[in-house]
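> Construct the entire structure; sequences and hints are all you get.
4 protein chains.
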Amino acid sequence: MPTQNPIFIPGPTNLPEAVRRALDVPMEDQRAPDFPDFTLPLFADLKRVFKTEAGEALIFPASGTGGWEAALTNTLSPGDKVLTSRFGQFSMLWADMCQRLGLEVITADVPWGEGVPLDKFAEILGADKGHEIKAVLACHNETATGVTSDIPGVRRVLDDAGHPALLFVDGVSSIASIDFRMDEWGVDCAVSGSQKGFMLPPGLALVAVSQRGLEAAKSAKLPRCYFDFEDMLKLNRTGFFPYTPAVGLMRGLRASLDLLLEEGLDNVFARHYRMAEGVRRAVAAWDMELVSAGPQWRSDTVSAIRVPEGGDATAVIAGAYHRYGLSLGTGLAELSGKVFRIGHLGSVTELMLISAIAGAEMAMRDAGIAVELGSGVAAAQSWYRQDSDTVAQAAE
Amino acid sequence: MPTQNPIFIPGPTNLPEAVRRALDVPMEDQRAPDFPDFTLPLFADLKRVFKTEAGEALIFPASGTGGWEAALTNTLSPGDKVLTSRFGQFSMLWADMCQRLGLEVITADVPWGEGVPLDKFAEILGADKGHEIKAVLACHNETATGVTSDIPGVRRVLDDAGHPALLFVDGVSSIASIDFRMDEWGVDCAVSGSQKGFMLPPGLALVAVSQRGLEAAKSAKLPRCYFDFEDMLKLNRTGFFPYTPAVGLMRGLRASLDLLLEEGLDNVFARHYRMAEGVRRAVAAWDMELVSAGPQWRSDTVSAIRVPEGGDATAVIAGAYHRYGLSLGTGLAELSGKVFRIGHLGSVTELMLISAIAGAEMAMRDAGIAVELGSGVAAAQSWYRQDSDTVAQAAE
Amino acid sequence: MPTQNPIFIPGPTNLPEAVRRALDVPMEDQRAPDFPDFTLPLFADLKRVFKTEAGEALIFPASGTGGWEAALTNTLSPGDKVLTSRFGQFSMLWADMCQRLGLEVITADVPWGEGVPLDKFAEILGADKGHEIKAVLACHNETATGVTSDIPGVRRVLDDAGHPALLFVDGVSSIASIDFRMDEWGVDCAVSGSQKGFMLPPGLALVAVSQRGLEAAKSAKLPRCYFDFEDMLKLNRTGFFPYTPAVGLMRGLRASLDLLLEEGLDNVFARHYRMAEGVRRAVAAWDMELVSAGPQWRSDTVSAIRVPEGGDATAVIAGAYHRYGLSLGTGLAELSGKVFRIGHLGSVTELMLISAIAGAEMAMRDAGIAVELGSGVAAAQSWYRQDSDTVAQAAE
Amino acid sequence: MPTQNPIFIPGPTNLPEAVRRALDVPMEDQRAPDFPDFTLPLFADLKRVFKTEAGEALIFPASGTGGWEAALTNTLSPGDKVLTSRFGQFSMLWADMCQRLGLEVITADVPWGEGVPLDKFAEILGADKGHEIKAVLACHNETATGVTSDIPGVRRVLDDAGHPALLFVDGVSSIASIDFRMDEWGVDCAVSGSQKGFMLPPGLALVAVSQRGLEAAKSAKLPRCYFDFEDMLKLNRTGFFPYTPAVGLMRGLRASLDLLLEEGLDNVFARHYRMAEGVRRAVAAWDMELVSAGPQWRSDTVSAIRVPEGGDATAVIAGAYHRYGLSLGTGLAELSGKVFRIGHLGSVTELMLISAIAGAEMAMRDAGIAVELGSGVAAAQSWYRQDSDTVAQAAE
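Protein chains in written order, with numbering that gives the first Met the number 0: chain H, 0 to 395; chain Y, 0 to 395; chain R, 0 to 395; chain G, 0 to 395.
No wet-lab data here; the hints were simulated from the structure.
The reader is advised that the hints may include incorrect statements.
[To be verified] Straight-line C-alpha distance at most 20 Å; calculated EDC-like pairs for lysine to aspartate or glutamate: (1) K50(R) <-> D265(R); (2) K220(Y) <-> D95(R); (3) K46(Y) <-> E288(Y); (4) K233(G) <-> D36(G); (5) K220(R) <-> D95(Y); (6) K233(R) <-> D95(Y).
[As the list claims (entries may be wrong)] Pulled a few chain G residues facing chain R out of the computed Cβ check, cut under 8 Å: (7) S76; (8) H321; (9) E349; (10) M351; (11) A357; (12) M361; (13) G373.
[Said to hold, decoys possible] Covered stretches of chain Y (chain R as the covering partner; in silico rule of three or more C-beta atoms under 8 Å from a C-beta of chain R): (14) 14-22; (15) 27-38; (16) 94-103; (17) 198-206; (18) 232-244; (19) 315-322.
Keep in mind that this is a model prediction, so the values were computed, not measured.
Ideal placement from N, C-alpha and C gives every residue a C-beta, glycine not left out.
Structure representation (structure tokens):
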């Protein structure tokens, strides 16, 4: 009998029932006269989630990786310098993409577990008197390590240096789950995907671009066509698309935006904190460590948990999957075998997370790791017994 | 945001994904020439789950209560005597139905927590030299108390007394979850419903009748029409129905039977034991009591758990629902306020049950009951960490 | 490759997408504290569709046939006289049920193709000075013949005779499609089913009962339990049920009522007239006859169409199904082989009906019936090209 | 009440029920240990539909346009010459993409209504003694005009000229509907999308590449990352992906491939011919013209139909949509206002197409075009009445 358990990887995330049903639609004509009645409010509401009024939101049939490529190819030219920091699999991959697309990458790397190093950025940007750096790339939430970076801090560093570089943010595993403010933080291009906080299947790259970003597009010389902002926006303004959009997923996105906006983004963020903290309490009760190097880095969407010295995280993950039908996130790249991850974003409940914690305890014991059964569960239970108001206050 | 938790009431039970998808069908013509290609194997496979070759299986658009009525009205006449035992809400209601339909009911009641009293039955049947008792009614699994009765024992008692009464079994919350053998146990009419072990939405009464039962129908004088076996079977033999059948639910039943028969009924039963025992270990760890009065009565489909003296089970259940989105079963009739129930039948996993145990712990603490958080969870985890083979052996 | 065509039998009918999605839900707790928030408005809105304020609406897990049984067993006693008229398979079956339940049936039959004979009813009721007739049964829409009877006329006949008999109406294939007014027409019990105008899968008997009907229930002596009004209403008033309700179908009913009430019942009725008339125009263009004996009897939910002398309707229906994936309704009982039926109720469109008309033309030709291809289609097209306003006026 | 009609645009196409249900799945872990058990056979079966054994099949979260970009950027370098022919909106757009990506485009255009001009291609390729043309692009089925080109002919022309250029084929609206043979025809890169013959929602670019294409990728210098074949194939070989794949759509693809391979591709193609020819017969009966300039160009997946001089195709399409809920394809670019299109690919039946033909007749009459109601329908009916075997023979 196949398992009926939810999944606890940091994306794709579990589909809310309303989203699941919204996805289950017959096909429709993407050139129908009333199609804009559906799409124009969709763009408008997507902008609300990105918290941009001045910018534009775009929906590509693609993964978040496609969104990264869109951000770069639309705004930069071959040989342009970009500044970034690598501290996990995904920040590493984005930097790698830059190189492959012919950009010059300046990296200010930090150990995995930390996030964007504001001081190093300040130093490099301050030294770049000629403003050769055209864009700064920041991974808001590094999914591989469970680390959240300080994006307003990056903006401050840019402003303090009086540096005109564009600011690009990878918000794949943050936007719609963790506080993100495109306009207020002066972000020029923000990239997300459907399968994380938007609680949809994978298949949509959700991108927002500022007016500065669009201005940059005019002179950007990297070749592009599929991901071209201008083509897309020209048609989008009429409610249509330059090529067949992923209408099924977009019907799901409508339901997702309805859920998010009805709950209120602040409540969504508070809920994610509440959910995440239960997992962190469990980790503390196990006397184990998060990859994130300090409280300031802790992600409310995913926790990367180090198994004790001598433990085999790969065995924990495989055992959890095969014996208990529990999907945990794997350790990626240098963290392989050393960590397992629990995704606590999107449509999860206290009881769902408790089941993941309990399953992790069982799988750790099966893999020979000395964790007391029920200990992490009890810590999470204590936390979750507090009412939401109390938790919300604690979050402030 | 609406909860995404599974439910833990003893029916309806959680839909397996394969069943859920099978239910999602466009409407079809129940008089189509090839409709029998669907229905005839459906009846055949339903008989396999009831473990009857000699009898017939029927599918009524109704609840299990309708199945009770079908059993009685097809086989008995006004004033006929029936023997039964009341030890819970559902055995009580079936006896009540007998009276309302004009039957004379002889009851051999026992305290709630016990099941069919074989000795009392033996005594009464032995004394009924004139064989005035036309039918013996036995509730195989009393859903209100979590008590499983000894049906082969009832057959033995009838045989020992040389008594020709028909044997009717309420298998609503047992069949497809707990060992049941219609032919081998000499059951004349067995009643189940779609929303328990069959893992479907409510709406189908699933009934099996022996040849003796059908013979009795010929002289039975209780008025009946909707639930008439003869009308139904006459058309069923051709693959059709005397009135519009619940085709949507029947498509789901096809998927359900496929799952059950593919897993193998013995494996299904072993799995239910494995799941149930985890809950019982948790209750023991809490130092609390089941309603079932001893190990011989313990049900593998539902556990009715007494809250300690002074505790308010109603507050536990309401709190679980409102605070944690956890649906527990309520205490019915005389058990109201004294017990909560955890359904562990159908499509549930170890991790799902652990989440229910954890939620019950939290809700009990919220309601002022002194239970140690994580204690029941840890006991269940220990049990579930044993591999299935070990558990299967233990079950023998 | 399986066919993707809609069906054109007079029930089950095609599911609207909104209903289909509403049906696709996880299971829920029918004893949850907030379950009444769902059920109480459901009863209230169901009453609006029956157009009763004074009466009560009930939802049984059953087919419409179960609804018939509910109406009879709750209000009558063994030996009671009922008056009815048989003019088709379903009015015949209801009369048959009366006999089997021990009632004395007075029939005023008319040829199949006509409906309730008001003059004969007047005569019989007028002669029944002792008011021995306890109930008058009228089939509002005989699904087998496509005949709609004059229910207000039946009420008038009763009133003119000053006769106190209860008035029961079989509205299975009329309610929610054809004008029906429970209170205004003085109907005491109206029976419908989920799979016709309510556009749901089969499995719910939808019944409404007047206060007079409920009063009669107090002294009615026919045995009943599953279909007992009092049990059901007692619990329904609190939002709950005496046994597990068909929650899945009820979630679909919510969507169905929303669609019906949002469109407005008068618009629903006008739409059914518009759809039906297109089929009738096609039949006229074919120079063929409806079973209904005159315009006053024509049903807006189903047309029973006589094939010409020498034609084999069974071959037409089988050919349509096997060659074109077209489900037409069969001729029932004495109409077998002589008619095919097109259901034009529920969620059908002009183009869907045209496809059924076209398929019937092809299947008739295949079966050797000399009908001109496209002739019926053209007549229907002409009709449907008129705008809805024009049609609505024509309907007045 | 929303319409329940299928759509008749040339993509997205109507979802078969089996595909629709397969799409309705909870999210899963794309890094689960048993994920390759799902993906490896999926790639293998996708290759069967492309009819390639030597090549590789790739699945990108993208539209078909993304597939075009993948073909170009993986195999070519800036300034490379490509030969193509423009004869419709989509062949035009692909040529445009080439230019935007920095390729030099040699075009051998023909009037819209014709397809790839083999003679012109032969001339140009023959004159290219230096083999500066690196790739030949051919649109197998131009969706805008309903024209199918002769791909084996293009291969012959290349072979006759002894020209080593790569052969790229846009098979978006042909593959899985019209005969296509990657290996036999020597195609180096074939591009399709999920929403046409694969009967899925839009969102997957389905691409196949030959070993020569992969060899070319090693020296190709167009920047690429998201659409990089090598990255993708490296991971695909293990059953995984370099970034999150569109798992939901891929589950649908599994069902789609099952349907296609079970029916047999030859049967699929014959069915498309059968369906298409009915539409063409209707057009002939209307005395109207297809855009395709002759029988050799006629597409079995879409027909572009010219309205008579003075007619307004835009009004026909708008009227069809608003009055009858009928989605027809619009005229694109220079065909705007002059044609409407009927898509007859994927999961359509005879009766569905007849409903589209009938609706088109009504909408044309509403728009003042003198077409006889039912005339096209009758012609299609005559054709569809022939049995499939007869049609299959006629197709040979």
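> Run every hint past the structure and note whether it holds.
Okay, the hints, checked on the actual structure:
no.	hint	verdict
1	K50(R) <-> D265(R)	holds, 12 Å
2	K220(Y) <-> D95(R)	holds, 17 Å
3	K46(Y) <-> E288(Y)	violated, 37 Å
4	K233(G) <-> D36(G)	holds, 17 Å
5	K220(R) <-> D95(Y)	holds, 17 Å
6	K233(R) <-> D95(Y)	holds, 17 Å
7	S76	violated, 44 Å
8	H321	violated, 11 Å
9	E349	holds, 6 Å
10	M351	holds, 7 Å
11	A357	holds, 5 Å
12	M361	holds, 5 Å
13	G373	holds, 3 Å
14	14-22	holds (count 3)
15	27-38	holds (count 6)
16	94-103	holds (count 4)
17	198-206	holds (count 3)
18	232-244	holds (count 4)
19	315-322	holds (count 3)
In terms of the numbered hints stated before, the structure departs from hints 3, 7, 8, listed from lowest to highest.
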